[in-house]
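Each chain, letter by letter, is given below.
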Amino acid sequence: MTQTMIVQSFGFFIAIGLSPFFVGLIQTTKARIQGRHGPSVWQGYYVLLKYWKKETTLPENSSLIFVIAPIVSISVMLLIMLFIPWGKQLPGVLAGDFIMVFFLLALERFWTALAGLDTSGTFGGLGASRILTIGIGLEPMLFAVFGLCFFLTGNTHFAQISPLWLRQAPHLLAWFLAAGGFALTILLEIGRLPIDNPDTHLELTMMHEATQLEYNGRLFAFSHFASMCKVTAMLAIGWVWFGPTLSSQWWTLLLHLFELGVSSILVGVVESFTIKMRFFRIPYYVSAVIGMGLLAVVITAF
Amino acid sequence: MMVIAYLFLLGLPIALFARQPLRSKLSLLCYSLLLLGIALIALYHPSTMMVHGALFALNPLRAWFLLLLSIVAVAVSWYRFGYQDHDDKATAFWLPLFVMSMTGVLMANTVWVFITFWELMSITSFFLVIVHHDREHVLPSGYVYLVMSQISAMAIIGGLFLLVSQVHSADLSVIALKAHAMNPGMKNWVSALLFIGFSMKSGVIPFHIWLPRAHPIAPTPVSSLMSGGMIKLGVFGLIQFLLLDVGVQQVFWAVLFLLVGAVTALLGVLYALMEKDLKRLLAFSSIENIGILFLGLGLMAVGIVLHRPTLEVTGMIATLFHAFNHALFKSQLFMIAGAVQQHTGTLDAERLGGLLRTMPGMGIAFIGGSMAISGLPPFNGFLSEWLTFHGLLSLMEHFGAFWMIVSFAVILMLAMTGALACLCFVNASGVIFLGVPRASRSNHPIGKAMTLPVIGLLFVCLAIGIDPNWLLSPLFAVFPQKPTLAVSSFFPSSLMVMSIVLLLLLTFFLWLSRFWTMKKVPNWQCGRVVHEQRQMSFTAFTKSVRTSLAIIYRPHRHLERTGTQAAYFPEQLIYRGGVRSIWEKYLYRPTYRLVWRLSGLTSILQAGSIQLYLIYMLGTIGLFLLFVH
Amino acid sequence: MMTEISLYDAHDPWVTINAMHRQQGDELLALTGFRDQKIKAHWLLADGSIAREQVRCSSDRFMTLTTILPEVAWDEREIYDLFGYTPIAHPDLRPLLRTQRWPDDFYPLRAAMPDRPLWRDGEPDQAMKVVQGEGIVIMKVGPTHAGIIESGHFVFSVMGENILCLDAHLFQKHRGIEALLQGKSFPAIQPMIARLCGSDSVSHQYNLLQSIEQVTDRHVSEVVQYRRILVAESERILSHLNDLAQIPAGVGFAVAHQKGLALKELWQRGMAVIFGHRFLFDAMYGEVFTQEDKLHFLSLITSFEALWAKWVKLTEKNVAFHDRMRGVGKVTRQDAKQLGAVGVARRATGEKSDMRKYMPLYQVVDFTVATALGGDVEARFQVRLLEVESSLSILRQTLARMGDPSKEEPFVVPSDLTGETVTFSESPHGLNVHVIQWLDGKIDRYHIRSGSYRNWPVLAKAVEGNVVADFPLINKSFELCYSCTDR
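Protein sequences appear in the order of chains U, L and H.
Position one of the first sequence corresponds to residue 1 (the numbering used here), numbered consecutively onward.
Position one of the second sequence corresponds to residue 1001 (the numbering used here), numbered consecutively onward.
Position one of the third sequence corresponds to residue 2001 (the numbering used here), numbered consecutively onward.
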């Protein structure tokens, strides 16, 4: 129990600390594929430090909502990190389940969108409308995938469910469908191509970034850090569910960190060769993932 | 002890105070507090209060509904001290009667009393809905409500009479004991009638059309009570009579509940999205939440049909808990809508904006209420939706392929509903309370008497959201015969940990941000100033949803260009757009026309001349004599 | 306004003659205002000759042509802003570049040397054309952006994601170049014309050279002619490379974007070596082209073509990319004609409209006019791809035919230049026209009507009915220049 506790706290802090690095890995991978040298892998830390040191100002018409939103984002992301089993198990008091994570993500979306409207600007409102509209597809997707994982393992909790991939044949196919669906879902959730382009500077095409346009200083550091943590958290959930575990908790933690690095690079590769989808084509993307989920359920059911 | 049960009839004399505003408001508040007291005693000390009189009785289930009803009533009657109703006397007269009749419905112990109070409830609420009968659209909408509630009452009466004729007793406690043993064919008839009657009263789709008509036009305290309390009585009826007393046996009923629930939840919120009138939005959102309640009922029905007590209890607790939560935040949101109307004179979201600055308490309460109704932690709505999801997931796991697919589909629809509710309420709170005003107007200040009950309800929501166990513990007495299930098996401690850690983290980062030192500077806004028309509008916010789900909304739009050179140099560009209601177009209009045509046929018989009626009379007497002979 | 409409006379000779040109299918080169209350319209006839129509603005008014020729709407508004001549019954006579800060009686081109006015306080924005209706959001984009983009100010009327109407307010950084040029001599204006903008510089330089050569009746040697083709086609490739690289950026195709920019960089470095300037400023004026330059050029083309083929393959095999461009930002052939689209935008609607066919310079090389059907982003992308290829082939042809450089005697500009010229060329962004009036060796009036200037209204039309998020893509498929529009 104490070991679980120690591994969990270690994993929690290391994963949070390395979040900017993982995003840096994505950026570096993309830069290399584009034939650029690109900024350093550690750029994320410099950027965060820069924002942290800058003076923070608020837009004229904003209210306290504008201040709270990034704080909600960062709190939610840290909380989700806390409920991910970094070793093999979770301390009992943290035995959270994915429904919780689902609602926490919704909470973050709610506040980000609200802050977008709070700036009384067009882009904030447009971004808010976009992220929530996408949420309509995203939330069933999350549940399709989460529900499927639950179904394959019989447990809503993140802990004790790793040996998913050791199941028999029909389940193996379901496993592949679930893993594929999960990958597509997290690309959407963490605001990456083909849905959102985090590197864009074009106000009109932004989604998540559009709600962040009026932020600066500490508040922006919070939301920026939160989006980095989101990438780590979502990738980690994927590995916890679909990846293998090792005999020792410590080795499992190390394995997870390694996997996170690998998947960051993978995200970079995928993003390099993907085109941003038309906004009104996103329903097809969503239906594809939900279809995969349904198919997996049907396969397992019969 | 029996006397306490009759105390609720005090509503009758209170109605007579209507002439003195202050006294009537005060007495209604006292009356509501009394009801709250009765409910609390009945719930938490059932042994002292188990009244089993001939006419009235309370069991834990009814006490639960009485609790939610009385909390709403307390808040509403407090709120009335600040609410300036245009026709206060009529409201003051009917409101105590309305509350009393709802209490009567809950406490009735015979079918006759139940039906009497049910009808009284329909009539009083009708009069409350048409209080502003001089305004446009009020009377037609009131009539739609009256007709629908009478149809529902007929179905309920029919169902209950069938029940009475089968068990040979009008005593509800006898019915509860004997109804199980009815023959299955009769059971289905009773179930069908009760289902139609009660679900019509709850406003599920497709019987929903009265709800968005009646709730918005009523004075705010009334809409709060109707949305928070009255429509829950339909759910109560379904639990008490259909599920607990009669007990469904076919899988059909369970699937029906789930299907109706999922469709109602999804369509309800989809329609809510398109309403720029805040009260209508809230009314449609009530429909959505009734859908979620029906999902809980569906789980309960599955539990009953498949004899799985755990599922049955989960479903019921989810329903009861969500009903309670919805009563809290929906009445709260309605009260805020009333305050917005009083403050600005309009409920049209396209003309509002920036209200957080002029009514901060209401604004914060609305955002909190929006979080609760969207099922976000750390509010209570999150827990009841969590439980509903949990029940659906457990249905997916152990009950074979059929239920697996059904529940998977329902889960997806429920998840989508949650996301849509989030969109809907971010839109409402963002457009109405944030940003800058969209139209110039004069604001009338609103008093503390309106703000305090609203904030109070928000705090109750938060408190329940952090620790629900104290509230839910008495509910297990509903199942005396079922194995005892500890509350902690529904809500793991991690949920509580999560809420508390979340609040701690928020506080910490709020402190870390040092937001009180931040300066306000002009917006970036691409180098231009903030302007009300540059903000996202309510209609535009949901345009993508309208486009993506055109199959449901049937949107229409038209861009008119005027002038002689309209193609390239229009003088004016005018946009018109909107959605059509498929239910009214394809279900209610044809039905209405059919009824109209049928009633036209009767004019052949009822031509209106005295001779004709004399002939009818003679003919009837002749037939009668022939028959007797 | 009503009285002016009643004054409008559709049988006015000014209106009828221009309507006749339009019916014959002539191409309007420019509509130019002059200080002596004259407005001239120059038409390019089918046989390559130029017809000149003119009207005198009695009491500062003239009949509008916009009703029959929608493409001149901006020209007439500009004349109104800069000269104060009122087009009678113009359907949309909002200020184009005048702002509330300009004094009422300030018409900068009315005087040969305008005084510096006393600017007034006022809002920077002009009246907007917006859609009325409930829930319509007015979205203003620019003049400052989240990224480093030129300073356009776009007023969108949107309904959620749908653009109902776009009112482009350019002219945010009006430099008054036409007034600045007045009274200056040929050597003084040479660098200014070369720096009018960064994307069509060569074409502007060519127009100026043409003008001076027409007035002085100078004939340059064949080698210099070939060199001019080289410079012009080099610019076309440079500009198209930039535009081609920007289109993938609009859809988040970062690899194609960056590799495209790398190609452009390669080309630019070559340009710096061969013609002495990365953006080819002043390159057209030079007349020296050594054997060494030729070798440099050939090796540049060779190394470029290898990478180019790869890049084309990268974009062509990406089906999603092409699907993403299809049907977006459609310009119908009718709209293109009515609004006077030129260049790539026009050719992407399937019309073989390429001014190089009318330019004497190009009579010595073979090339086919690249066109595509559809009028959408994909068509414009395709046209540019084809044009880069055809430009490469023109370059190879030219280099092969080019003889040894001969020694040119230095050209001395006579000091008493007088005359009026209309010169045109096909810039990378379409038909670029300069109307120049010389008086005693000095500029008396210099009117620049660039391809970008003509295409902006087409872009605004193309955007209507698309979704907001596609605007950057559509904008990049036109990639119009702000600088030579707002000269």
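Rather than coming from a laboratory, the hints here were simulated on the basis of the structure.
Check the hints yourself; a few may be wrong.
List of simulated lysine-lysine pairs, BS3-like, C-alpha gap at most 30 Å [what the hints assert, rightly or not]:
id : chain 1 : residue 1 : chain 2 : residue 2
1  : H       : K2184     : H       : K2129
2  : H       : K2184     : H       : K2173
3  : U       : K50       : L       : K1585
4  : L       : K1089     : U       : K50
5  : L       : K1519     : U       : K53
6  : L       : K1520     : U       : K54
7  : H       : K2310     : H       : K2038
8  : H       : K2337     : H       : K2173
9  : L       : K1448     : U       : K53
10 : U       : K54       : L       : K1519
Right, here's what the structure says about each hint:
Straight-line distance between C-alpha atoms of K2184 (chain H) and K2129 (chain H) comes to about 38 Å, which puts the hinted pair past the 30 Å bound. With a C-alpha separation of about 22 Å, the suggested pairing of K2184 (chain H) with K2173 (chain H) holds against the 30 Å cut-off. Pair hint K50 (chain U) plus K1585 (chain L) does not hold up; C-alpha atoms about 59 Å apart against a cutoff of 30 Å. Restraint check for K1089 (chain L) and K50 (chain U): not satisfied, since their Cα atoms lie roughly 64 Å apart, outside the 30 Å limit.
Of the pairs offered as hints, the one joining K1519 (chain L) and K53 (chain U) holds, with about 15 Å between alpha carbons and a cut-off of 30 Å not exceeded. Of the pairs offered as hints, the one joining K1520 (chain L) and K54 (chain U) holds, with about 15 Å between alpha carbons and a cut-off of 30 Å not exceeded. Distance check on the hinted pair: K2310 (chain H) and K2038 (chain H) sit about 54 Å apart at the alpha-carbon level, beyond 30 Å; violated. The suggested pairing of K2337 (chain H) with K2173 (chain H) holds, with an alpha-carbon distance near 29 Å, which does not exceed 30 Å.
Among the hinted pairs, K1448 (chain L) with K53 (chain U) is inconsistent with the structure: their alpha-carbon atoms are about 42 Å apart, more than 30 Å. For a cut-off of 30 Å, the pair hint linking K54 (chain U) to K1519 (chain L) stands: about 13 Å separates their Cα positions.
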